[in-house]
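Asker: Keeping their order, the protein sequence lines are chains W and Z. As numbered in full-length UniProt numbering, the first sequence has no gaps in its residue numbers, which increase by one up to the final residue, 324. As numbered in full-length UniProt numbering, the second sequence has no gaps in its residue numbers, which increase by one up to the final residue, 789.
The set of hints was computed from the structure by calculation and includes no laboratory data. Predicted model, so just to flag it, every value in this text is computed and none were measured. Don't be surprised by glycine CBs; every beta carbon is placed ideally from N, CA and C. Heads up, a few of these hints could be off.
What the hints assert, rightly or not - Below, computed lysine-lysine pairings styled on DSSO-like, alpha-carbon distance capped at 30 Å:
{"#": "1", "chain 1": "W", "residue 1": "Lys2", "chain 2": "Z", "residue 2": "Lys278"}
{"#": "2", "chain 1": "Z", "residue 1": "Lys431", "chain 2": "Z", "residue 2": "Lys302"}
{"#": "3", "chain 1": "Z", "residue 1": "Lys596", "chain 2": "Z", "residue 2": "Lys570"}
{"#": "4", "chain 1": "Z", "residue 1": "Lys302", "chain 2": "W", "residue 2": "Lys2"}
{"#": "5", "chain 1": "Z", "residue 1": "Lys54", "chain 2": "W", "residue 2": "Lys2"}
{"#": "6", "chain 1": "Z", "residue 1": "Lys120", "chain 2": "Z", "residue 2": "Lys278"}
Stated by the list, open to error - A few chain W residues that don't get close to chain Z, going by computed Cβ distances all over 12 Å:
{"#": "7", "residue": "Lys73"}
{"#": "8", "residue": "Val103"}
{"#": "9", "residue": "Ala297"}
{"#": "10", "residue": "Ala313"}
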Amino acid sequence: MKPFAYTRAHTVWDAVAAVSAEPGARYLAGGTEMVNLVREGQESPDRLVDIGDLPLTEVRVHGRGVRIGALAKRVHEHPEVRRRLPVLAEAGLSAASPQVRNVATPGGNLLQRTRCHYFRDVRFPCNRREPGTGCAALRGVNRNNAIFGGSEHCVAVHPSDIAVALTALDAVVHTHGPAGERVIPVEELYRLPGDEPNRETVLDHGELIVAIDVPPTPFAARSHYLKLRDRASFAFALVSVAVALDVRAGVTHDVRIALGGVAPRPWRARAAEDALRGRRFDDDARAAAGEAATTGAKPLPHNEFKVELVRRAVVRALSEVEGR
Amino acid sequence: MTSTAEPEVGRARLRKEDARLITGRTRWTDNMVLPGMLHMALLRSPMAHARITKIDTTAAREMPGVIAVVTGQDLAEEQGSLPCAWPITEDMKAPDAPAMAVEQVNFAGEAVAAVIARSKAEADDALESIDIDYDELPVVLDMAAAIADGADLVHENLGTNRCATWVYDSAEAGSGGAIDDAIAGAEVVVERTYRQQRLIPAFMEPRSMLVDPTGDQITMWSATQIPHILRWMTAAVTGVPESKIRVIAPDVGGGFGGKLQVTPEEIITFLMAKRLGKPVKYTESRSESLASAHHGRDQIQKLTLAADRDGTLRGLKVELLADMGAYLRLVSPGVPILGAFMFNAIYKMDAYKFVCTNVFTNKTPTDAYRGAGRPEATFGIERMMDELAAELSMDPMELRRKNWITHDEFPFTTVAGLTYDSGDYESATDKAMETFGYDALRAEQQERRDRNDAIQLGIGISTYTEMCGLAPSRVLGALRYAAGGWEHAAIRMLPTGKVELVTGTSPHGQGHETAWSQIVADQLGVPFEDVEVLHGDTQSSVRGMDSYGSRSLAVGGTAIVLAAQRVLAKARKVAAHMMECAEDDVDFTPGTFSVKGTDRGVALADVVVHAHVAHDLPDGVEATLDSDATFDPENFSFPHGTHLCAAEVDTETGRVRLRSYVCVDDVGKAVNPMIVEGQVHGGIAQGVAQALFEEAVHDESGTLTTGTLADYLVPSAADLPSFDTSRTETPATTNPLGVKGVGEAGTIASTPAVVNAIVDALRHRGVNDVEMPCTPMRVWSAIQAGGAR
Chain W
1 MKPFAYTRAH
11 TVWDAVAAVS
21 AEPGARYLAG
31 GTEMVNLVRE
41 GQESPDRLVD
51 IGDLPLTEVR
61 VHGRGVRIGA
71 LAKRVHEHPE
81 VRRRLPVLAE
91 AGLSAASPQV
101 RNVATPGGNL
111 LQRTRCHYFR
121 DVRFPCNRRE
131 PGTGCAALRG
141 VNRNNAIFGG
151 SEHCVAVHPS
161 DIAVALTALD
171 AVVHTHGPAG
181 ERVIPVEELY
191 RLPGDEPNRE
201 TVLDHGELIV
211 AIDVPPTPFA
221 ARSHYLKLRD
231 RASFAFALVS
241 VAVALDVRAG
251 VTHDVRIALG
261 GVAPRPWRAR
271 AAEDALRGRR
281 FDDDARAAAG
291 EAATTGAKPL
301 PHNEFKVELV
311 RRAVVRALSE
321 VEGR
Chain Z
1 MTSTAEPEVG
11 RARLRKEDAR
21 LITGRTRWTD
31 NMVLPGMLHM
41 ALLRSPMAHA
51 RITKIDTTAA
61 REMPGVIAVV
71 TGQDLAEEQG
81 SLPCAWPITE
91 DMKAPDAPAM
101 AVEQVNFAGE
111 AVAAVIARSK
121 AEADDALESI
131 DIDYDELPVV
141 LDMAAAIADG
151 ADLVHENLGT
161 NRCATWVYDS
171 AEAGSGGAID
181 DAIAGAEVVV
191 ERTYRQQRLI
201 PAFMEPRSML
211 VDPTGDQITM
221 WSATQIPHIL
231 RWMTAAVTGV
241 PESKIRVIAP
251 DVGGGFGGKL
261 QVTPEEIITF
271 LMAKRLGKPV
281 KYTESRSESL
291 ASAHHGRDQI
301 QKLTLAADRD
311 GTLRGLKVEL
321 LADMGAYLRL
331 VSPGVPILGA
341 FMFNAIYKMD
351 AYKFVCTNVF
361 TNKTPTDAYR
371 GAGRPEATFG
381 IERMMDELAA
391 ELSMDPMELR
401 RKNWITHDEF
411 PFTTVAGLTY
421 DSGDYESATD
431 KAMETFGYDA
441 LRAEQQERRD
451 RNDAIQLGIG
461 ISTYTEMCGL
471 APSRVLGALR
481 YAAGGWEHAA
491 IRMLPTGKVE
501 LVTGTSPHGQ
511 GHETAWSQIV
521 ADQLGVPFED
531 VEVLHGDTQS
541 SVRGMDSYGS
551 RSLAVGGTAI
561 VLAAQRVLAK
571 ARKVAAHMME
581 CAEDDVDFTP
591 GTFSVKGTDR
601 GVALADVVVH
611 AHVAHDLPDG
621 VEATLDSDAT
631 FDPENFSFPH
641 GTHLCAAEVD
651 TETGRVRLRS
661 YVCVDDVGKA
671 VNPMIVEGQV
681 HGGIAQGVAQ
691 ALFEEAVHDE
701 SGTLTTGTLA
711 DYLVPSAADL
721 PSFDTSRTET
731 PATTNPLGVK
741 GVGEAGTIAS
751 TPAVVNAIVD
761 ALRHRGVNDV
771 EMPCTPMRVW
781 SAIQAGGAR
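For reference, chain W alone in the conformation it holds in the complex:
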């Protein structure tokens, strides 16, 4: 492990200034991800700026929805989150293990790195970790990799559960950066790999997520997160589905469907949404949505099963949310 400097920031602006000033500086929040990356060698920062003391821990309900501080702990247990945003509460609870959830943060969760084996194992070439070295996953064991949004340079999937839920809730992140503040929809936070897989998000160096805003929507309260995985706890999604639904008089007025575990970012299934919108919300419509959700899927040799899993998981998530 390369030696690094450690700084504790006391204000957001101190933190942003400290990281912005040094290309090799990185933020440290809960540490459940960054510490592992440093230990295993995927990250070798010159400086870690600990933002654990920053006053970003609140979950607040206000006229414009729910604001979640980037350092809020166990957001999924918050009664207002559970009541207003069930898909987010379910996604948060399904992530990691109790030990990890006790210290991890929402901001860190959104910026966690892929679990692709070949990214995590530094002995392998990986364009995401070391640009230009190649993608070992394309020819390797790629069961867990992407069926949407990959490129010939990278087929990693983003592992976050809450990012999928937040995408279905039209949530945005607030950031402070060297160039000032801005607001970015969660879905647009992530870049697809294209030929630059190492650029994972649209954030500038030093730009810090300070809060997540979930707007009031007619579909948030009737929402659900279905996560399919290899074991019941401490496992990442093979496929997950976040659905949020506004059905009026039996007809789908509006809907959001986002998929996890299948793409380098939360994957909005717009074709599936279109298959539902304005139609009766019945078995036929749900089956059509499931079919539409697979549009454009490009499976790899080991993950063809994910296409069918997506189709069925969308149908099931929609069926399960119906009764709510």
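Once you have looked at the hints, place chain Z on chain W.
Answerer: This is chain Z only, laid out in the frame that chain W set:
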């Protein structure tokens, strides 16, 4: 000392060792710190098969805190070859097994260099500065390809990847007829090929060792299951006299066979401490553990089961390929052989043949893992019984009943040549079937099939037996194993009334301190609390064969009884002398000696003092009552039981949910029913893990892609149903306690029960197998391939 009314044996006592184990206020090897202690880190090969063309350690030596950097070349003179104690055939091929690779690496994770530094962090950092070049060699991964003509070779100098072929033929052994005749004459022949995937023992405490060369003896603390064998083998490998080595296994956090090993890491640490004259500690990381500690299972089983139309079994042919990995470790070649005597299981048949070919590949070596050979065998036969039942349109339990050894036929010599001393398969099965609600579940299964429900129900059966209590030394000798299978116990009767029991078994989570105390308390009539169990230190435990193979109680427990009997025999002489009567007139009730037919008596405690001060002993009696004994069993013990599993299979997603799990195990007399229960629960969980979750996966380059616990799916309680466990108690006749062993039973029984349930749920859809682990993807794919939608 007073006698307790209620016997200790049979009581569900809380474990006396748990408080310290659970709170961690105890001695794990990695907790220990010695003055001047140095830390070691190992550089491991990322290549599965390659020649080392260059190692430059210059830069690493310059790093802060670094004391020494060594390569395989530096150790070549001293490191010898790691031991394989089980040359199963005369012509077995055994490669040199250096602790550190010298010229060539043969699996990814093999150690190629070591750094010793003042801190662990400095040692880890320096690893990155070692410059090493490899010349890649073709990687051998697939067993069938490995033994085909013209295959690339793991070890060029052996000229083959075929390690050994071992055969048991009932016709040759005289234990049954000829298998070819049985198959030719049978009305039904079922053939299947099953794969026992590669598993990782995944003990929670990583391997850890600390070697202190200070003083006359070199002391090695190690998180091992086998301190006695480790001492012996370390002497054999390094040439250091055994008398100059002391091995201590302090509290050890799990093993499951994974710490039944003489590891490269132990030898390297030992040599470095000796060379530097300073204590050296090495503790592996989790990833190192998963990649480098030995793996388990990994067999291809080709099975042929012959029967008559009425279900009567005729014969079984077993053809195995067993993956040794790159080297032969301590008992690697023998593991599949232990299955040779178990494929026939509890069933009667005319003929049996077992042929096992051990194969080298460029993977982590395999060796003992919970059950070692017997889970493989039990899986094979129990799956085949279900397949035969389906072929005959018979109820699978009916088929088993028709063929198993009935309770009045014991002792029974099987077609594999073992003599089962006892058992009652009927009682265990009847009890399990009733608790399970077999008939109601069959009805529900039919109902779900009729309405083509998305959730299908399956019932899995496993009526297993296993051979435990490893092992009669003469049998081990006949199987060419290099050591014996006896066990030793010593009892020290302290003058203050307390008792020390020194056992040769080496617990690593089993609860020996509690169970052994219960045995001693009953034998001598001393309070449970007054018994201190000492183990795991070759200086205090002078003899022992350690813990594995469900042997500790059946063999080591018996040694305790024999040692206690010697204590009492001696005490009786002293008591007679104290009471001035003939020895024959002395009665013993726990804790007290008395003169028959009188109220004259003397407490054991007083006899202990009398013998210890030795002021007035009868002629020919030595001071103290301390005694020891060694027990070598005449036969194995044969626990058995019936495990029933109801599984719901989601035909849309392939997900399996275990709905209920009922087992009735017969492990003989239970010394501590709570410990038995714990072993059964943990065992079932580990067997279910093989059925549904765990698999060590290597990619084409031979790299382990399941190298973390996020990828290697050890299940948690959230993945498992509530187990309904109970027991029947048919005492073993081969030891005075009537015990059989329970450490492996759950693991052996549960894997086929679960897979049988999954296949049973899907059989009407044309599915007759799902390869393990039965992940949603595999189950779903099997449904698609079955085609009967």
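Asker: Output the numbers, in ascending order, of every earlier hint that fails for this structure.
Answerer: 2, 4, 10
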